[in-house]
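Protein chains in written order, with my numbering: chain G, 7 to 231; chain Y, 7 to 231; chain P, 7 to 231; chain R, 7 to 231.
Quick caveat, the hints were computed from the structure, so don't treat them as lab data.
Any given hint could turn out to be false.
The list makes no distinction among identical chains, and a pair is therefore deemed to hold if it is satisfied within one copy or across any two copies.
[As the list claims (entries may be wrong)] Listed below are the simulated EDC-like cross-link pairs for lysine to aspartate or glutamate, each with C-alpha atoms no more than 16 Å apart in a straight line:
1. K150 <-> E135
2. K226 <-> E54
3. K222 <-> E91
4. K222 <-> D42
5. K203 <-> E43
Protein chains: 4
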Amino acid sequence: MKVLDKGFVTLVDIMGDDRSAVRAARVSHGKDISTDEKDRKLINYLMEHGHLSPFEHITFTFHVKAPIFVVRQWFRHRIGMSPNEISRRYTSKNVNEFYIPDHIRIQDTKDKQSSNVYSDEQLREETLEIIEEVYKKSYEAYEKLINMGVAREMARIILPVGEYTEFYLTTNVRALMHFLDLRASSHAQWEIQQYAKALAQFFQKTCPWSYEAYLKHQYKGDILK
Amino acid sequence: MKVLDKGFVTLVDIMGDDRSAVRAARVSHGKDISTDEKDRKLINYLMEHGHLSPFEHITFTFHVKAPIFVVRQWFRHRIGMSPNEISRRYTSKNVNEFYIPDHIRIQDTKDKQSSNVYSDEQLREETLEIIEEVYKKSYEAYEKLINMGVAREMARIILPVGEYTEFYLTTNVRALMHFLDLRASSHAQWEIQQYAKALAQFFQKTCPWSYEAYLKHQYKGDILK
Amino acid sequence: MKVLDKGFVTLVDIMGDDRSAVRAARVSHGKDISTDEKDRKLINYLMEHGHLSPFEHITFTFHVKAPIFVVRQWFRHRIGMSPNEISRRYTSKNVNEFYIPDHIRIQDTKDKQSSNVYSDEQLREETLEIIEEVYKKSYEAYEKLINMGVAREMARIILPVGEYTEFYLTTNVRALMHFLDLRASSHAQWEIQQYAKALAQFFQKTCPWSYEAYLKHQYKGDILK
Amino acid sequence: MKVLDKGFVTLVDIMGDDRSAVRAARVSHGKDISTDEKDRKLINYLMEHGHLSPFEHITFTFHVKAPIFVVRQWFRHRIGMSPNEISRRYTSKNVNEFYIPDHIRIQDTKDKQSSNVYSDEQLREETLEIIEEVYKKSYEAYEKLINMGVAREMARIILPVGEYTEFYLTTNVRALMHFLDLRASSHAQWEIQQYAKALAQFFQKTCPWSYEAYLKHQYKGDILK
């Protein structure tokens, strides 16, 4: 699933589905049998009452490509998140891929945490020109340092946080919901919202009952509804 | 897989295998291609150098039945362990199942943390008689309280820690290895060692390369070799 | 602070107070200066918007004595909870202390997760008699097994979950709030509610602004207000 | 404590010392009394046998200033690490501070994960000139974008990972030891090694017995001895 201009989210592997949460919840009550209708009701009940531990039994592995500044926000989520990221100490692969925005946001002068989409085409062009110029210069300088024999781990200190990086991430539905609460939200930066939306789609496809119940009872954000 | 007199460990679900760790490790180095031989070597390298995060991408769900005192030791492992346990507040199901040892261990008088297997048949019989008598009396009293209308959550306070309980557990190979370090060890209580051995067998079957490399380079216990 | 008939919660050590959360939150905004009024407002803002990570910088160590069945519920909280508990493998100290309820709750026949306080004095006496009888028999049997030389780790399997145990717990305010959400709640078992209330008092005393803002904006339970 | 050219590590707050670990470990054994000699022995015993949970009762809060690329390595440590970092969405404070190395390392051509210190003065000067030029251009472009009204969260995408950032970190001795195992190691990048050494000094000063026992029995790195 394509995200931003050069990024993606791929679902690599999955364990479980709606019924895995049901099964784990039922053991608490010492019950086995279930029907579709009862399973769905139970999932609703769990979400409504905040019994979220059964959702730790559904796990995903994603392969993600995203700009460094997005990844830095992402990895603030520590609980139930197991990442392995490409290392710029070990490889120079694809080092010349940088995030180019397709729109420009201006600083909200009243609310310092907000930004607004920018409609002036001239300013958009000027901004992109500046950004692309810095990307170009940084990359050329990096290349030059590498060619001079400077260690990769040292040369990369000049690479901008708009550079794309890649990682594998294993997480579970409970951790994913917490991520969506904070990042599938208009308070989050627009770029990470796009990744959150992609994850939400995978969540919805694989666990439709849980996703529906989550949106209804638990979701604290505002862009998925 | 049967464990102790009435317990078990069942593998309910699994995500990934040896190659999941390889894949996650390779992203760090920006590499894709691999052969069986190289994958195996990489797993060895990771274990040897303590790069254990790639093993968080292999997850298991187990269904376990074990005595409460074993579960209490088990749940001291908090990292990467997602359990859902039967609740004695909600159900009286199977409340009359208790662990009966098949051997008796005597207290080591020098090392207070040790115990030794007991060979005197008379003492064994006496011990089992005492244990079974307490189990019987506790259970009868529990039944009586329930019949008198006392709340399950209150009646159960007299049930012994030898009572069997059940839980679903989702964990990953890294957390599993840490569990085996401490519990597949002669320092651990004999009963939890049996569960650790069962988990080790599932680990070996599903990730033979990782298991072999773990035993060679990382394993801190002494009973699996 | 005395809890239940023989238990307690003692505050052993503490790091930080309301201002520790403020300080950590301010670094995010690149600000230093603050007044009491602004600090208090900031704490309110953090709680209102669910920015809870600054509250991980306030840590407590508690010494707790509680029945095993309470501790089992308590330790289901894994995030930000570091416990060390007395081990019945290593010591027989105080093994004869058991929880005697001062009231009896009967099973709610409609809501199987609920119980109601019992007012019939005769039934109360009968119930306590049964409970105390099981405690007495179990303890005598334990003593006998120990005297016969049976290992402590084996003899203890007949001890009931109403037995008191002790532990040291280090936690932080964020984890504590999550604990209070679930355990300072009428849905939790009455006994653990008493421990939750004790923790809440320590929280209120040491971080009055955070506690007030927590109750106002975040608290999901119902018994602290 | 100054680290690198413009960074620092400051100890902001602390809870506990060597005796906190002792106290928590003793509860496991049901013991209270202790002498200095016995306490020290117990700490040695715990480290030798890998009983590390008692060291979770000693917590620190640090204030750290470090380049982004160091912080990215640092925050791969998720367990027992509670950070709050300055946000470039919210502030432009000190945005023009970048890491200038005082030595240059060249790529090891055999071991792709290694680098060697560079002794050729001419190449050093050329390298620093290139790095400083990129820093200068990036910062000027950032300033220009900000002056044009572009949102901070968008303008910062061109800032290099050599930029300094700040964070508050609360951690405990167990998590700190794990950090030192991997980062106070010649396998880690030289820059993060300097931060690891600073943390090690704070550890040594506040918990001299634990630090000594850690180096003797647990430490997996090679630069602290």
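Would you list, in rising numerical order, the hints stated earlier that this structure does not obey?
3, 4 and 5
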